[in-house]
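Protein chains in written order, with our numbering: chain G, 46 to 369; chain X, 46 to 369.
What the hints contain is simulated information worked out from the structure, not anything from laboratory work.
Be careful, since some hints might not be right.
No copy labels: a pair is met if it fits in one copy or bridges any two.
[Said to hold, decoys possible] As a list, the in silico DSS-like pairs of lysine-lysine whose alpha-carbon atoms are at most 30 Å apart:
1. Lys346 x Lys199
2. Lys58 x Lys165
3. Lys288 x Lys197
Computed from a predicted model, the values in this text were never measured in an experiment.
2 protein chains.
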Amino acid sequence: MIPEFMEASKYLKVTALAGGVGGAKLLVGLDKVLQPGHLSAVVNTGDDFSHFGLHISPDLDSVCYALAGLADSVHGWGRKDESWQVLEEIRRFGAPDWFALGDRDLAWHLERQRLLSEGKTLTEVTAHFCEVFGIQSRVLPMCDEPAPTLIKTKEGEWLAFQDYFVRLKCQPEIADIALLGNREIAASDLVIEAMLEADLIVLAPSNPWVSIDPILALRGVRNSLQGKPVVAVSPIIQGSALKGPAAKMFADLGIHPSSEAVRQHYEELLDGFIFDDLDLPDAENWQSSAIINQSFQTIMKNDEDKIALAEAVISLGARILQGR
Amino acid sequence: MIPEFMEASKYLKVTALAGGVGGAKLLVGLDKVLQPGHLSAVVNTGDDFSHFGLHISPDLDSVCYALAGLADSVHGWGRKDESWQVLEEIRRFGAPDWFALGDRDLAWHLERQRLLSEGKTLTEVTAHFCEVFGIQSRVLPMCDEPAPTLIKTKEGEWLAFQDYFVRLKCQPEIADIALLGNREIAASDLVIEAMLEADLIVLAPSNPWVSIDPILALRGVRNSLQGKPVVAVSPIIQGSALKGPAAKMFADLGIHPSSEAVRQHYEELLDGFIFDDLDLPDAENWQSSAIINQSFQTIMKNDEDKIALAEAVISLGARILQGR
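The following block holds chain G by itself, in its conformation from the complex:
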């Protein structure tokens, strides 16, 4: 065990910004190693959309299912022990089946829609899920308003994120990305509170463009980061993303995808940066900066990997705090 971690894990309050699958894995690690209630996860809702009249929050669901131990680790999305009765029948109607709605997953979409229809906020509904499944960390949607991420293709068409991501399988080349539906939107009060209370801010290994940037774009977020140590974990390893279009987005936008590119993307915010051991040779050429760079085994195949990376993140945060 890393020595700084031993002490720091007893008191540190961490607020982590995250998207879906990759981010959720690190959140599981942090949830397991921090004191109960000391982790707040601020989760991207830029991917949220309405499907069959139901509000669907893909990133929130990935995070909640992962923290509840309900996630399907084989597919990397959705629920484990899932069945597909409803989707099979939906296909009989010739209805859209590009978004895979499992039966258990659907039960939560229905209950969320019911609670939203009653006037509850997405924050309240998410808290209800956490209560039902005994999640002790706080899971916070980044805001309660619709804040859609829009993707502009090289053909000039604007796409809703799920259209780009799931229906078109990320194939269109990206010309531009519009965050928060091109409007000014404030983070929820609880998000700002979680940022201000945190000893350490973590940018999870999620897509910088469409998972972390939407959160950072919310009014109040960058201000509340002032003076806080911020540690990011690179989602890019050896020029690729383990899951999702992050690397392709860098390339579409004319940037060579690499952990260095991720570091530069976040540079003005960062105090510490964790990248994969596989990228260590490249790191030797990085331009010097005030950021503490550290390599680690960042591929999380099981809970041990998640815990080890969480410990490395906390240790690096503790080092930064001690150096102040």
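Based on the hints, put chain X in the right spot on chain G.
Here is chain X on its own, set in the frame of chain G:
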């Protein structure tokens, strides 16, 4: 085979007013014996409600599932070969489970909601279902606007119909019934067209108070019945309803439940009335009127029963038409 039926079935166009289960059985019989496209079913939507954000039309679904051969004949509602994965998971959330949402049933609720969200009318959405499942009869929701039936209890509380019917299992005593949400609502254009085109109007063996009366209360319906032969089939047999609260509603409203009470309920509209053979002894005491009363085996346990009753209805209609 009844002789009048032989000839009449070749040309008669029938428009039947119906609620859910009992009415749907007769519709199946009529669908099978009439020429393709010669049956229009006008179906009560007073029971429609929103559940988990989805528009649910219990009577329309019973009719559509029955005509598509998809109905669960054991339970008398919902889909055959049904599974319950979603409902099981919904219970884990402590969400309301009083309305049994089967997986296959739910697929249609989702697709209907999706199409309604796109701006389609309930009439158009229902036509889509009929097309997918090859139903040749026309199934028409009585109107496209919300037209809720409300139940006032003896305690003075007004209940939405599904609250009374499913959640409270029809236990509260009824003091009053308000149709169409106490507003003036017109029947859809296609409903009026179907009434005007019909050679014979049938009131299916459905609940007179909450299945047939809402349709009759719509603006335009009673006018379009003028001069048409109308035949009703009693849903009350030996003082009871085979399914649902029809008999209890008569009693709550101070009327002894009987096929005679049904006949009197519809009296001003009727030319012919079919009641069950079991009620034949009572019928001898009925006051004479211009209505042709006829007893028949009205309990429909299988398709043969449904076809036989449909033939009896058409024959009686043909007799009335010939007598003009």
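Which numbered hints fail: 1
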